[in-house]
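Novice: Residues per chain are reported as follows:
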Amino acid sequence: DQQVKQNSPSLSVQEGRISILNCDYTNSMFDYFLWYKKYPAEGPTFLISISSIKDKNEDGRFTVFLNKSAKHLSLHIVPSQPGDSAVYFCAASHKKTSYDKVIFGPGTSLSVIP
Amino acid sequence: DTAVSQTPKYLVTQMGNDKSIKCEQNLGHDTMYWYKQDSKKFLKIMFSYNNKELIINETVPNRFSPKSPDKAHLNLHINSLELGDSAVYFCASSLGSWVGNTEAFFGQGTRLTVV
Chain A
1 DQQVKQNSPS LSVQEGRISI LNCDYTNSMF DYFLWYKKYP AEGPTFLISI SSIKDKNEDG
61 RFTVFLNKSA KHLSLHIVPS QPGDSAVYFC AASHKKTSYD KVIFGPGTSL SVIP
Chain B
115 DTAVSQTPKY LVTQMGNDKS IKCEQNLGHD TMYWYKQDSK KFLKIMFSYN NKELIINETV
175 PNRFSPKSPD KAHLNLHINS LELGDSAVYF CASSLGSWVG NTEAFFGQGT RLTVV
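Top line first, the protein sequences correspond to chains A and B.
Going by this note's numbering, the residue at position 66 of the first sequence is 66; the numbering climbs one at a time, nothing skipped.
Going by this note's numbering, the residue at position 91 of the second sequence is 205; the numbering climbs one at a time, nothing skipped.
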C-alpha cells in the first residue's frame, strides 16, 4: 500500500523558473513530512521538512507547503538551478509505539535545463 | 570523511549464495537503518536498530538478518539470495529515533544484483 505518492515520475524546468514537486499521502496519522534529494550513485540527503501543525516552511530557495485537508504537500524551488537536477523523495513519519517509521514516496526526477 | 559508509558499493552474485553488506557511521548516532530501493524506486524500511537493539523489523524474509556489533555498525547478511533480492540497499543513521525534525544521513547505497 502506497501511503506516500508522487505521481509525477519526472519534471523538466527551465533554469530560473519555479519547480513544483507534488506529494500526496493517505495516512492522516502522519505528523511530519520530509523532502530528500538524491543525486545518481549517492545516498539521499535531507532537504527540508514540515510539521503537520504548520502549513509552510521556507529555507532559502526551497519552500514546502502542506495542505492537511487535501493530504497534499508540495516542494517549491525558486529559482531553479541546474544543480537542482536530482531525484526528490517525499517522506512522511508518524509515531508508532516508541519509534518513528519514515515512509518514502517513489521520487520525482527533476531536470533543470540551462 | 564519509559520515555513513557502506561496502561494497556494487555486488553481483549468483542465486543461492550468502552475502553481507557492511555499514559504518562516524557521526556518533545511536540509531541505524536499512532501506531497500526496489525496481519501482520506493525506499522501504527493512530494519532499525537503536543502541544495538532491534526496534523496527518490517515484513522482511528471515533470510535477511541484520547484525549490530556496536552502535556505529549495522551489517546486513542475506542468505540464499534470490533474483528478487536485486535492489539498491541503503544504510542510514540518526541521533535518536528518526523523529520528524531529526535528520537521517544515508550511505551511498549498495547495488545488489543476483544472477
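FYI, nobody ran anything at the bench for these hints, they're computed from the structure.
Just so it is clear, CB atoms sit at the ideal spot from N, CA and C, and this is done for glycine as well.
Mixed in with the good hints, there may be bad ones.
What the hints assert, rightly or not - Okay, the calculated beta carbon distance ranges per label pair: (1) B/Thr173 to A/Lys71: 23 to 29 Å; (2) B/Lys166 to A/Asn67: 27 to 33 Å; (3) A/Ala41 to B/Lys158: 16 to 22 Å; (4) B/Pro122 to A/Thr26: 32 to 38 Å; (5) A/Asn57 to B/Gly210: 17 to 23 Å; (6) B/Asn131 to A/Ser69: 46 to 52 Å.
Novice: Hints first: check each against the structure and report whether it holds.
Specialist: Right, here's what the structure says about each hint:
Between B/Thr173 and A/Lys71 the beta carbon distance is about 24 Å. The supplied range of 23 to 29 Å therefore holds. Between B/Lys166 and A/Asn67, the C-beta spacing of about 40 Å breaks the proposed range 27 to 33 Å. Distance hint for A/Ala41 and B/Lys158: a CB-CB separation of about 20 Å, consistent with the stated range 16 to 22 Å. At about 36 Å, the CB distance of B/Pro122 to A/Thr26 agrees with the hint of 32 to 38 Å.
A C-beta distance of roughly 21 Å is found between A/Asn57 and B/Gly210, which places it inside the suggested range of 17 to 23 Å. A beta carbon spacing of about 50 Å between B/Asn131 and A/Ser69 agrees with the range 46 to 52 Å that was offered as a hint.
In terms of the numbered hints stated before, the structure departs from hint 2 and from no other.
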